[in-house]
Amino acid sequence: AQSVTQPDIHITVSEGASLELRCNYSYGATPYLFWYVQSPGQGLQLLLKYFSGDTLVQGIKGFEAEFKRSQSSFNLRKPSVHWSDAAEYFCAVGADNDMRFGAGTRLTVKP
Amino acid sequence: DTGVSQDPRHKITKRGQNVTFRCDPISEHNRLYWYRQTLGQGPEFLTYFQNEAQLEKSRLLSDRFSAERPKGSFSTLEIQRTEQGDSAMYLCASSLERRVSYTFGSGTRLTVV
Chain A
4 AQSVTQPDIH ITVSEGASLE LRCNYSYGAT PYLFWYVQSP GQGLQLLLKY
54 FSGDTLVQGI KGFEAEFKRS QSSFNLRKPS VHWSDAAEYF CAVGADNDMR
104 FGAGTRLTVK P
Chain B
335 DTGVSQDPRH KITKRGQNVT FRCDPISEHN RLYWYRQTLG QGPEFLTYFQ
385 NEAQLEKSRL LSDRFSAERP KGSFSTLEIQ RTEQGDSAMY LCASSLERRV
435 SYTFGSGTRL TVV
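Protein sequence lines, in the order shown, are assigned to chains A and B.
Counting in my numbering, the first sequence runs from 4 upward without gaps.
Counting in my numbering, the second sequence runs from 335 upward without gaps.
The hints are simulated quantities; they were obtained by calculation from the structure and are not laboratory data.
Only a predicted model underlies this, so the values are computations on that prediction, with no experimental measurement involved.
There's no promise every hint is true.
For each label pair, taking beta carbons as the anchor points, the in silico distance ranges come out as [to be verified]: (1) A:11 with B:348: 36 to 42 Å; (2) B:346 with A:49: 39 to 45 Å; (3) A:11 with B:414: 36 to 42 Å; (4) A:54 with B:404: 20 to 26 Å; (5) B:374 with A:83: 23 to 29 Å; (6) A:106 with B:337: 24 to 30 Å.
For glycine and all other residues, C-beta sits at the position ideal for the given N, C-alpha and C.
Only chain B is shown next, with the shape it has when bound in the complex (with noise of 0.2 Å):
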């Protein structure tokens, strides 16, 4: 196993466009994390599934952005209607059980003009 796999790694977008990231944990953990970080800050947290259901979502997450996790294995995140302050890393992470330890992926860094 390769670890948790992020794609695209960059994405540089117009404002109003809509993106989607796309994020493989590892395949024994059933539990995956989106993460979000601005330049100067830790990970903030977005959402986490447990198998395929969506569990908790962070007030951060506007109804622009959706997350899903269909199969309990890879999940996406979109954003609908980009704004300019949604540029960021995004970070998936992935564990088992609870959240004693995760594994990150090397993030997608999303560009807003």
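Extracted from the complex, chain A is given alone in its bound form (with noise of 0.2 Å):
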């Protein structure tokens, strides 16, 4: 069966320190997978997607994502982060009739 794993539950970042969030997955064969953020209260916003091709994936927002098939990994990052950035990350893998998500990872922004 497909899982996600996000191993951060919280982290805090200064304002325009980088950011790498990580995500772990299992599943049988290439997977897509996603990053979507949510603010408080709110539905989530899709980030970036990867279905296949270049394992570096360019998201909204100043976000990227690389897909790492030899680890099973699909860390999301930004090289400067703004305050605005605070919210709930999730990572999801997904195939026809499935999509998996993970816990979520909560990002602090200290200014």
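Got two chains here, separate frames each, mind docking them using the hints?
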């Protein structure tokens, strides 16, 4: 069965610092991989997705993620965090008729 | 098109009451999904429709839960005899064709007191 693990429940970074959020997945084939962001009380917004091809994918708001098959990882990165990036981030793995989400990583941004 | 709409945004109900939520997907999307999200967790799949057909239901969807999409457009999720454990955010999403990327609504937050 496919599953997603986000090892970090909560991360705090200073504004302007770089960010990396970890995501590990378990899936029998090459999955579709996603990162979503959720602000308090809101739905989920898609940041980026990986289907195939180039393993470094660019998303909205300056985010990028790298698919590493050998490590079963799909980590999210941003070179310089802004205060407005404070939110909950979810990694998801999907295939036809099934999508699983990680438990999320809450990002706090210090001024 | 304004995206996926969910109504109401918040619902407080007494234990034992029935509640119904509505989701209006993006008009050209033929797939519609319901997820439940509890505090500190990621969304968990409940059920999905392709057009008006309900194709899959999670084991999380007890007999007290029922979902419909009568004309392949909007969908309703009803919870009968609500319990405190039903308190959660209920998210609706829609997509075209395969489950490759969804557009989520803002959710309905249910509080059972």
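To see whether the hints hold, each was checked on the structure:
no. : hint                         : result
1   : A:11 with B:348: 36 to 42 Å  : holds, 38 Å
2   : B:346 with A:49: 39 to 45 Å  : violated, 30 Å
3   : A:11 with B:414: 36 to 42 Å  : holds, 38 Å
4   : A:54 with B:404: 20 to 26 Å  : violated, 33 Å
5   : B:374 with A:83: 23 to 29 Å  : holds, 28 Å
6   : A:106 with B:337: 24 to 30 Å : holds, 25 Å
In the structure shown, a violation is registered for the earlier hints numbered 2 and 4, in ascending order.
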